[in-house]
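Residue numbers (this note's numbering): 1 to 288.
Keep in mind the hints are simulated off the structure, nothing from the lab. One should not assume that every hint holds.
What the hints assert, rightly or not - Straight-line distance between alpha carbons at most 20 Å, and here's what the computed SDA-like set of lysine to any residue pairs gives:
| # | residue 1 | residue 2 |
| --- | --- | --- |
| 1 | K50 | S233 |
| 2 | K50 | D37 |
| 3 | K151 | I27 |
| 4 | K98 | I85 |
| 5 | K151 | Q126 |
| 6 | K63 | Y52 |
| 7 | K63 | L270 |
| 8 | K280 | L73 |
| 9 | K57 | K280 |
| 10 | K239 | K98 |
| 11 | K239 | N132 |
| 12 | K253 | G41 |
| 13 | K50 | I269 |
| 14 | K239 | L216 |
| 15 | K239 | Q223 |
| 16 | K253 | I40 |
Unchecked claim - Simulated DEER-style distance windows between Cβ atoms:
| # | residue 1 | residue 2 | range |
| --- | --- | --- | --- |
| 17 | L252 | I62 | 18 to 24 Å |
| 18 | A103 | E181 | 23 to 29 Å |
| 19 | A136 | L162 | 20 to 26 Å |
| 20 | A178 | A114 | 29 to 35 Å |
Where a beta carbon is used, it is the ideal one built from N, C-alpha and C, also for glycine.
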Amino acid sequence: MNNNKKWIAAFLIPATLIFIFVYAFSIGVLVVTSFTDWSIGSKINFVGLKNYIELFKNADFIKSLINTIIWILLQSTVHVGIGVIFAIILSRKKWYFKFARTAFMIPNIISSAALGLLFLCIFNPQFGAVNNLIRALGFTDFSQNWFMDPKTSFFTVTITWLPFAAVVAILVLAEMAAISEDVYEAAKVDGATEFQIIRLITLPLLRNIIGTATILSATSMLQKLDIIMMTTSGGPGNKTLNLPMFIYQTALKENNFSLANTGGVYLIILGLISVGLISKIYKTGESY
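Modelling step: build the complete structure from the supplied sequences, incorporating the hints.
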């Protein structure tokens with residue numbers, strides 16, 4: 001027993017130290033500096049809650065917060081829903097199974113920056129595939145700048161997240177493989193239809209993994225910077241501005257690190273709230 005405790009400690013201590021110095025210390029600095037007036041080249045002064053109050057008077061921050069919350073909701077519903085539906089379809093293992101699974105995963109192999117450039121080409125107003133397809137359908141004079149038009153920019157950026165639904169599909173497929181075939185056979189013997197089996201057996205048994213996938217999808221929206229930077233940089237205006245992009249612009253473009261760090265604290269709080277709510281809704285970690 002003592003030997004086991006030594007091995008446990010041997011594995012836990014390095015990980016704990018890394019967490020303390022890399023994450024905990026950084027978060028501590030983030031929180032402390034959010035109560036100061038700090039920019040490169042100036043003296044650091046304690047200002048209390050001034051930054052927290054000031055941010056809610058900042059139109060760009062409010063817009064970035066709203067956009068981030070909307071994207072979290074869309075990721076948690078539409079994004080996860082597409083992944084789950086795709087997993088259920090692929091679980092039938094028809095002739096297209098291997099091809100569809102591979103094709104669906106390809107965007108996740110490409111870096112986010114490269115994917116952003118790819119979408120810039122797809123939605124290019126002159127030679128993009130989307131505009132060319134619409135012109136081929138008879139709208140010969142059609143020309144739409146999807147990323148830079150305030151009416152379409154938010155929708156277009158949202159589409160760039162959809163390929164990552166493949167991660168949800170793979171997670172759900174792995175969990176479905178662990179469900180015993182005897183459960184399905186018993187349901188069929190009792191006269192259950194295919195839809196009833198999915199609704200009453202498959203989905204309830206997938207609750208934990210769907211909850212986990214929802215948490216991963218929702219929290220991924222708290223990290224999205226590269227694709228937005230490559231496509232719209234938060235524009236036009238602040239139509240596609242999210243919290244990470246707001247923090248980046250405030251820190252590196254405006255040299256206001258204290259205000260940016262305050263935005264970082266709000267980002268952490270939003271993440272904790274999102275994880276807590278999703279865990280409660282799906283009752284993740286609880287037995288069936």
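Against the structure, the hints come out as follows:
no.	hint	verdict
1	K50 to S233	violated (27 Å)
2	K50 to D37	holds (9 Å)
3	K151 to I27	violated (37 Å)
4	K98 to I85	holds (16 Å)
5	K151 to Q126	holds (18 Å)
6	K63 to Y52	holds (16 Å)
7	K63 to L270	holds (15 Å)
8	K280 to L73	holds (15 Å)
9	K57 to K280	violated (32 Å)
10	K239 to K98	violated (39 Å)
11	K239 to N132	violated (25 Å)
12	K253 to G41	holds (14 Å)
13	K50 to I269	holds (18 Å)
14	K239 to L216	violated (25 Å)
15	K239 to Q223	holds (18 Å)
16	K253 to I40	holds (11 Å)
17	L252 to I62: 18 to 24 Å	holds (21 Å)
18	A103 to E181: 23 to 29 Å	holds (27 Å)
19	A136 to L162: 20 to 26 Å	holds (23 Å)
20	A178 to A114: 29 to 35 Å	holds (34 Å)
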